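One-letter residues, chain by chain:
Protein chains: 2
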Amino acid sequence: MKRVFFVLLLCVTMLLPLGAAHDPAEPLYGFTTATSGPERDWENKFRAIPDTKILRDTMQRLSAHPHHVGSPYDKQNAEWILAQFKSWGLNAEIETFDVLFPTPKERVLELLEPARYTAKLQEPAVPQDPTSNQQSEQLPTYNAYSIDGDVTAPLVYVNYGLPKDYEALERLGVSVKGAIVIARYGNSWRGIKPKVAAEHGAIGCIIYSDPKDDGYFEDDVFPEGPMRNENGVQRGSVLDMPTYPGDPLTPGVGAKGNVKRLTVKEAATITKIPVLPISYGDARPLLAALKGRIGPPEFRGALDIPYHVGPGPAKVHLKLQFNWDIKPVYDVIVKIQGSESPDQWVVRGNHHDGWVNGAEDPISGQIALLEEARGLAQLLKQGWKPKRTIIYCAWDGEEPMLLGSTEWAEYHAEELRQHGAIYINTDGNGRGFLEVEGSHSLEKFVNGVARDTTDPEKNIPVWKRRQAEVLLRGKPEDRKEAHSRADLRIGALGSGSDYTAFIDHIGIASLNVGYGGEDQGGIYHSIYDDFYWYTHFSDTDFVYGRALAQTIGVMVMRFADSDVLPYDFTDFADTIHKYSDELKTMLKDRQEEIRDRNQALDDGMFNAISDPRRPIVPPAKEAVPPFINFAPLDNAEAALKASADRYARAVQKFGRGNPSSAQALQNLNAQLMQAERRLTNQDGLPRRPWYKHLIYAPGFYTGYDAKTLPGIREGIEEKRYQEAENEITRVAKALQDYAAVIDSAATELERLP
Amino acid sequence: MKRVFFVLLLCVTMLLPLGAAHDPAEPLYGFTTATSGPERDWENKFRAIPDTKILRDTMQRLSAHPHHVGSPYDKQNAEWILAQFKSWGLNAEIETFDVLFPTPKERVLELLEPARYTAKLQEPAVPQDPTSNQQSEQLPTYNAYSIDGDVTAPLVYVNYGLPKDYEALERLGVSVKGAIVIARYGNSWRGIKPKVAAEHGAIGCIIYSDPKDDGYFEDDVFPEGPMRNENGVQRGSVLDMPTYPGDPLTPGVGAKGNVKRLTVKEAATITKIPVLPISYGDARPLLAALKGRIGPPEFRGALDIPYHVGPGPAKVHLKLQFNWDIKPVYDVIVKIQGSESPDQWVVRGNHHDGWVNGAEDPISGQIALLEEARGLAQLLKQGWKPKRTIIYCAWDGEEPMLLGSTEWAEYHAEELRQHGAIYINTDGNGRGFLEVEGSHSLEKFVNGVARDTTDPEKNIPVWKRRQAEVLLRGKPEDRKEAHSRADLRIGALGSGSDYTAFIDHIGIASLNVGYGGEDQGGIYHSIYDDFYWYTHFSDTDFVYGRALAQTIGVMVMRFADSDVLPYDFTDFADTIHKYSDELKTMLKDRQEEIRDRNQALDDGMFNAISDPRRPIVPPAKEAVPPFINFAPLDNAEAALKASADRYARAVQKFGRGNPSSAQALQNLNAQLMQAERRLTNQDGLPRRPWYKHLIYAPGFYTGYDAKTLPGIREGIEEKRYQEAENEITRVAKALQDYAAVIDSAATELERLP
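Those protein sequences? They're chains Z and U, same order as listed.
Going letter by letter, the first sequence gives residues 1 to 753 in the numbering used here.
Going letter by letter, the second sequence gives residues 1 to 753 in the numbering used here.
Everything labelled a hint here was simulated from the structure, so no lab data went into it.
Just so you know, these numbers come straight off a predicted model, no measurement behind them.
Even for Gly, the Cβ is constructed at its ideal location relative to N, Cα and C.
Incorrect hints may have been included.
What the hints assert, rightly or not - Some chain U residues judged to face chain Z by a derived CB distance under 7 Å, without partners named: (1) Glu39; (2) Glu43; (3) Asp219; (4) Ile305; (5) Glu518; (6) Met605.
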């Protein structure tokens, strides 16, 4: 589904002036001086292979027809990808799962009062765009996993439909109880919007794309420009991803064969109210018919109307019925056996299914994956022998809810827990800056590869482009940090793509990687995300497709070839410290804020500023948050820092020493590979046991965005202070265990001759 | 012209819980315990007089027809106001000046390419609004003091048309040389826009009202709502107010009789390029025809189009010709002779001319002024004897360029320098919070009156409503200050209304006062600013009209009746210290910013982040600002603080002591009255000698907004560092002189028995 990338919080060093090359005399991280040389030679050979012509042709092939789950072309693509892998001499197979995938039977949206309007719910073909007219093959515009429903009610505009939007509405005295809400896309995983609406008593939910967010406010609209036109609709899943992803009928187990399935009614992740996505062409008559209070400034989009919130007089009828079918998803899996440590797995994936033609999402990432595989296959023929096993995965069914990857990871969970060393994900690609999110034990590794990868537009390391960006566009605190930190920061993983099961459910150190930031688009999940759009408005000459293949290919090789698995724990320790500080500050800020607000309530301040013509409903008084015990976390941080520093010294000494045999390093690497697993807990997070990682999770009310130290953070945010304190104990225990693994690994390293 | 009020930076004390009454046992500031009682009685009598029915009727009378300079109804209004004053037994007369006032002869605006569009330049009548159809009496939509011109050129969109907007355009590689620019209204005095455009080489300027700023982005449009509809146009002057206001042909002298006049060509304040204001209905086809780069986010308004900046392909023809006539302006002046100190003048004004019917601007303020005068006249009949002379002024010709007030002040400059104790201005009124800007020696006085004035909607002191606002909506630093400061802060005076000549040219301590903040409007300077609009969307029951009359009436009385003129210098000293800190921080920030930017330029950072498809033009390298000598200012601040504290102790002792005779206080008050004049310098500000106040001035590139310590501040902002250092010396000298006056006054006070 390709979440929209965020500009990462980055930090930089000033020690390396821009443009200075990475010192080739330095050993690669996880290698010795002696083993770095051959590795660099293989990497250089690899980088020469990805070909922009092939990238282009492959995109055209894979995006030539709609290829959603259950469509003929989805299956054809899987088979074509399989054939490609095999033609390069790789060991590949298709693994099939059977999952719930609803498609529309009936869709009706009408404005009944004060005037009548029937929503078109259609994306018309565009003459110059040759694949936009494949209407018989296209999925209609809908939100997958909306329940069936037939509701009529007054309309309320709820901005992005997030908890704070409902707070703003409460200040205006507006309730959505019994109403149909209309929310705009953006600022969260779309499934959050119907979830929060239902929590507040709404009986139906419409989601539209406001031109402020990906329409004419940003640039010209398609086909003149890249942005969403008045007919473009964002399809997409509304399953409750933060509860669990994957097939809603088989949580925690692979949906294969005669596995026990829940009924649709039993599935906790299906929406509670009917949901439908629409274009801004269809939304405008509805929004223009609203009266009542004007939304606060942050509610206002770019339509040429005042954004009243209602309720009414607009009255809306929404009727939705779906075919609740079980459909196959076809994962294409390649395995390259490791020569020395076949039990250590480097897993790399990108999905191949789209909502329609899906040129950007996901094919722009899939073509890089295929070029990597073609390149690695060539190297194998030239004698390259990766130490570890490499697994390439072209996932199916990502769009509905990470189905192919989640079911595969659940089905192979035990093997993955034993063998998973890293999972590297992509999900589409664009033009511009390297954008990475991932486990912070991989931050140094990512920085190393970024220093060794050349930006195709600037012919400087992609690392340096990123550094320039944070220095010129970063927040003041990030620029400042620039003077003291060696590595650029990577973001934390939330959810919205296929890494989710690997990091959050299994506990494998993971990355999500892409290029972007130079182009904007408004074709996401519409029929206009196709080859025509991509070759007019994005990485038109595919040089960033090549750069992505080079970046990830080198990551895979370096991880598979390293003497010592290239985790680093100092950046991780630093990041945990940062998160912990954030939590303490958040608690303190909330205490102050609530104390001040209670005082203002006692003093009648809200009444004093309230305009009688536009009254403010004062917030309720609430208890000031208690102080909670952060000491276990502080102690764990201290232990972590000591172990990480010790390990860093040992690994540096290793790099400058003599090479060791694979056998001598076997136990060390086996321990290192298990480190990330120590950050998981088999009970999972409070109320969502599928999510087992205690450091990273998608927020319960964000979906895409990560909540770090989620049990603690969401405990504080959602006013469950006792739970937050309990979570501190669990996190501290995990970090202590993790530190113990690092210590043990350091002991192994120090023991080497 | 009624500048749009800003929410003031306010600071509050927490010592007085909300709703607590001001202690009536405390003497009024400037009074003794004994004299406070009778003053309070007279003020209470006064407060009972202003009448909402009369306020309403008077508005309806004065706004019944267009009443711009030179119109029949402008003269009739002046005569009617004169008759009112006289009917109350007041000594009134009309004083006439003859000023340059151009009106349109020809107005043409056409889009020639890529399609043709001829701008309507018309505001149609609205059926339910009875005065909107007086077309034969209405001035056409135009900007007064635009030069004649006939230009054809490509169009460039320049956002608000301020210097930083042109910097943003430079980063995009866009020049306006030889182009016609289109700027949106807002964020500055409108005359800044053609001035800056001409400085950058543009040959014509169009100004339009974007719906983001006062149209549908904020609320429903007129007549359904209060905001500007697609046809509404903001007329207004574009004279270069920050150089000098008043008649452009007679700078510094009153335009009466055979005074020597410049030719139009010689007048420095008339625009260098032709300028025309238009509606967003007329602007949309022009803006939609632009291509080229998309403006950065801050350039984007609320029209339903991408905001391209051009240049072109839109090509525009602008032709303007004006009748350059001399017209009379009629100031109506009332004089109430003081009983004890007739040589000390309390001057109070609001203009009576409008751009069209002008119900809000200026009549909503004029009606309060008239009710004050009626009330004071009643008190006089009841035996009230103000110690000082009170002068009420209904100004004409404010809209074109503060003509009536400026010419009057220039004509009476010598008397005003001798006698002016305070000037109190209003310029329209609305509903909500008390908003005050002024000389900070009056800050404590304003706080005192605000504590004694009741808000009509909440029945609490207006001071407390304001306090609540800063506590709930203020910036963090303002809320924080709330715990340590006794008085709410008032803003500094920039320009845009009739106080300008009094504070900036003569050096009389001045105030600008109004209520507002609860209603929004988009009828400013259009035909829709009329009785219908005001009585549907603003202070519909005129209770804030009454509150304004009560507020200002009490200010006038308290200033005219006080034993010791109620200036306070501790708030002034505190404010100067704040300004001085701002300047030091600004210089330091600029040094750092330019140093960092130069480094980034040296390191090629701008090239590194530049998108080849949308290149960034790097800024030029520039010299890091030098350190400058703030020591004279620091020393002056120290002297000022010591004197202010000493005076505060003396005046507090005075308040609790026995009353003194007027004679005993004569010398003291004569000195106090001259204090503000010490803050002026007869050479004026650099390059604008008319502006003589060294502490407050309208910014050369802001117009409405004040620049405090303007010589120093603008020196730093505009990179004239030597000049800034020289200005420090001049300001320091003025502050030392000012401190000496305070010291001398303190000596007088201490000497009293």
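To see whether the hints hold, each was checked on the structure:
no., hint, result
1, Glu39, "violated (28 Å)"
2, Glu43, "violated (23 Å)"
3, Asp219, "holds (5 Å)"
4, Ile305, "holds (6 Å)"
5, Glu518, "holds (4 Å)"
6, Met605, "holds (4 Å)"
Checked against the numbered hints given earlier, the structure breaks hints 1, 2 and satisfies all the rest.
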